[in-house]
Each structure stands twice: as C-alpha cells, then as structure tokens.
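**Student:** Produce the entire structure from the sequences given, and follow the hints as far as they go.
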Amino acid sequence: MADETRSGLDAVEAGPAGSEDGLAPDAASGLPVPEHPTVSALRARFGDAVLRHEVGARDQHVVFIEPSRNVEVLGWLKEDPAQDYAFLSDVTAVDYGGGRPLQVVYQLFSLTHHRTLRVKCELPVTALEVDSLAPLWKTADWLEREVYDLFGIRFRGHPDLRRILMPENYAEGHPLRKDFPLRGRFSRAEQTRRALAQEVENFYIPLEMDLGREPQLPAARESGSDPADQA
Amino acid sequence: MGLTDRKLPGGGTSARSGGLFGAGGPTFLTTKLDFIVNWGRRSSLWPMPFGTACCAIEMMASAGSDYDVSRFGMERFSFSPRQADVLICAGRVPYKLAPVLRRTWDQMLQPKWAISMGACASSGGVFDNYSMVQGIDTIIPVDVYIPGCPPRPEALIYGLMMIQEKIRQESLAEHFDNRAEDPEAVARPRADDQEVGALTGPFGNSTRQNRVSGLVQTDRVSRPEDRLP
Numbered sequence: 080m081a082d083e084t085r086s087g088l089d090a091v092e093a094g095p096a097g098s099e100d101g102l103a104p105d106a107a108s109g110l111p112v113p114e115h116p117t118v119s120a121l122r123a124r125f126g127d128a129v130l131r132h133e134v135g136a137r138d139q140h141v142v143f144i145e146p147s148r149n150v151e152v153l154g155w156l157k158e159d160p161a162q163d164y165a166f167l168s169d170v171t172a173v174d175y176g177g178g179r180p181l182q183v184v185y186q187l188f189s190l191t192h193h194r195t196l197r198v199k200c201e202l203p204v205t206a207l208e209v210d211s212l213a214p215l216w217k218t219a220d221w222l223e224r225e226v227y228d229l230f231g232i233r234f235r236g237h238p239d240l241r242r243i244l245m246p247e248n249y250a251e252g253h254p255l256r257k258d259f260p261l262r263g264r265f266s267r268a269e270q271t272r273r274a275l276a277q278e279v280e281n282f283y284i285p286l287e288m289d290l291g292r293e294p295q296l297p298a299a300r301e302s303g304s305d306p307a308d309q310a
Numbered sequence: 095m096g097l098t099d100r101k102l103p104g105g106g107t108s109a110r111s112g113g114l115f116g117a118g119g120p121t122f123l124t125t126k127l128d129f130i131v132n133w134g135r136r137s138s139l140w141p142m143p144f145g146t147a148c149c150a151i152e153m154m155a156s157a158g159s160d161y162d163v164s165r166f167g168m169e170r171f172s173f174s175p176r177q178a179d180v181l182i183c184a185g186r187v188p189y190k191l192a193p194v195l196r197r198t199w200d201q202m203l204q205p206k207w208a209i210s211m212g213a214c215a216s217s218g219g220v221f222d223n224y225s226m227v228q229g230i231d232t233i234i235p236v237d238v239y240i241p242g243c244p245p246r247p248e249a250l251i252y253g254l255m256m257i258q259e260k261i262r263q264e265s266l267a268e269h270f271d272n273r274a275e276d277p278e279a280v281a282r283p284r285a286d287d288q289e290v291g292a293l294t295g296p297f298g299n300s301t302r303q304n305r306v307s308g309l310v311q312t313d314r315v316s317r318p319e320d321r322l323p
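Chains as they are written, first to last, in this note's numbering: chain A, 80 to 310; chain B, 95 to 323.
No incorrect hints appear here.
Each computed DSS-like pair below joins lysine-lysine, with the alpha-carbon atoms no more than 30 Å apart:
hint : chain 1 : residue 1 : chain 2 : residue 2
1    : B       : K190      : A       : K257
2    : A       : K217      : A       : K157
3    : A       : K217      : A       : K257
4    : B       : K190      : A       : K217
5    : B       : K126      : B       : K260
Keep in mind that the hints were calculated from the coordinates and are not lab data.
**Tutor:** Below you can see the structure in the form of structure tokens.
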C-alpha cells in the first residue's frame, strides 16, 4: 500500500492541507466534526468577508477572512457578548514558501464561553500589509512587532513598528521567511563586525539607564538645597 | 589579536628586554616572586559567570556543595566584571548578545582569563544559523575550551584547574607580553575577517579550536597531580 501521508519537505512544498467544506467527518477517527457556533455567526454577519473555513485535528477551527476587514471582524469577535473573545493569545505568521501567500494568524480565546478560534488573513507576497490590532488588544503591539521583525509584514496604524528580537542594525532581511538562507545573507565576519558595532546602551530605555546612575536622596531633591550652597 | 600583540601600549618595552628583573634569563628573585604572585592569583580566582543557557545550570551545580568549586579558591562568583578574574561563558551567545559579552570582557581588569564552556560557546554547537555567534573566540580571547553539551561540573572544574596550571607557568617578566592589550582592540572582534571565516565555517571551529587555542598539548598526557607546584 502506498504511503499517502505527506511528510517532511514534501508537506512544506505542498502547502497546508485544505478542507473546503470543513465539516466532513474527521478522516482519522471517522467521527463527525463538532460545529463551532462562532463560525456560523461570522458567516451570517459578515458573509463574503469569511473566505474559508477549515478544521484541523478534529476540533481546531480556522477561519480565513478578508485581510482588509480584519479590524472589523476581530473587533466584533471581541466586543459581541455572544462571542466575547477578550483574550488574544497570539499573533504570528506562516510562510509556506514557493510564492504562496503568507498567512497572519490570530489565535483567540473566549474566557466566558471557553472557546478557541483561529483567524487567518492571507497576504500576497507582493503586498505584505494589514491593519494593526494594537488599538483593540494591547498585547498585539509586541506580537505584531515580532511578526514584522521575522516576516516583514507591515501593520498599518501600529504605534511603534520596529524590530523587537533581531538587533536594531540588522540589515539582512526577515529571517523566518522561507527564502531566507539559514546562515543569513552576510558573511560571518561581517555579521560579527555588525554585531559588535551595536551600542549596548540602545538596548535600554532612558528610565532603565537612569536606574543605574547614582541615586539621589528625595529630601535633597525636594528642598533644592545643595550642600555646596550652604558652605 | 590583543593578547599576543608584542607591541606595548604607550610604546614601552617589555620587562624581559628592559631588564627590570635582570637581563634575559630568570633570577632567584624573579622565580620566587613569580611563585608567590602566581600562587596568590591561581588560589583566589573569582569567576565572572556569563551564563546564557543550560551550561549555566551545570556551572551553578559546580558552585553548590556537591562539587564545591570554592575548594579551588573560587569562593565567590563575582557578578561585577570589575572584581572578576576568569570569565566563564556558559551557553549559546546570539549576535545580539555579542557586544554585551565584549563589553563585559573589556570591563574586567588584567590579569584575566576566559573559559568557553560547552559546545555552543566554543563553536556555536548545533545552532549553525543566522543569529548565533559561531564560537566566542571570534569575540574575545579564550584560554580554555570545555567540550560537552552541557559539560558536567567535573569538566568545568577541570577547565578551571587548567587555568590554574596556566597561571602557574606564567612569569611576571613576561607579564606585558602576555597581558598587554592593544587599546584599539577594545570592543572589536578578537579575530580578523579571515580567521572568523575559518573558525565559523560549517563544522569549522570544532576541528580547529584545539590548534587555535594553543593550549591543548597533544604530545603528552598530563594528570592533575602533575600540576601541583
């Protein structure tokens, strides 16, 4: 019997397995896939903004939405009392390579209803831009910075979109893209030279730099009297 | 390469050629002085722990009561580089941390020594990728490389004893030859471009580091009891 399981690099080349109807019986167990109430509610409310619905691992529901309406859809998922996805667990991205679109992944969790939902936006490699969710969830700030740093996806309206993991002076691109060479683009000598050219002080915000300086007594500061003046 | 540079900062001459302790060969005074100074140095080595990964767990274990590195005079792990004698780099060092490691090394006072503990610090280990320094000997001069993933505390203690042995063989007459650092080397890579390329090629460092370190003698077997004065 031929091995029909796609694994390893073949699976990467083939891209993600699609299940257009999404609600077919689970292939492994044959059991029916449980309905997800949010998915039908999303279809009813947003209609054509919901592009696709996939189910993985029997009960992990993935909803593909129109990238241009991500703030609208995710804002509704957060605010609507019947959904109440107040907790944005993760923002990340996937690159399946081969010129396929990059996927921005939003992992949501509803504390009141105890439900999880994964929302994805597919962005073509020529236009890697999507609206920022930082106004909705504070945690999206750093998570979107990480996605920008490692995948090069720009988030419109982000308050502070700059690298978060790689050094500030990193100029080799975005390392988690599939077209990025494993050892980087520069030679090791150039990488070492650039690394040592970093200013260590730039790792800290001004407040943290002040913490290392000589402490001032509060009394002396408030009264404004300098010992040199009294002498 | 700062440590092996024979040119002294300030344009002076080394003690050996200047005759501060007698012209040329060692005298009774210098050998006795060497013995006392080296005894003091090697018996009170304070480590500067630069622990970034699982090797640091073994380093902490070697400081605990089971292995008790303070038997060898490393009574206190000095978290200030100004008061430390030997830097123990335990764990992988990404390029973002490289200037911190170099700054810590520059802040340590002479005489100072460095230990590269574990596969990642010595050669990058399995992390042969875009973000990881392929051996800290491209950043700072290293005296002893300890193999292992991670090395056991016995290995770290053996490496520290190798440092002690190195100190025992040092002479004050060669102090400036051994210890003078070129000011231009501060905050610079230790190795030049060609050497970085040779050290950091795929599997490069693991086959070359013994020779590059110049410490490992392959022609004779030396046991710890041979090292006692």
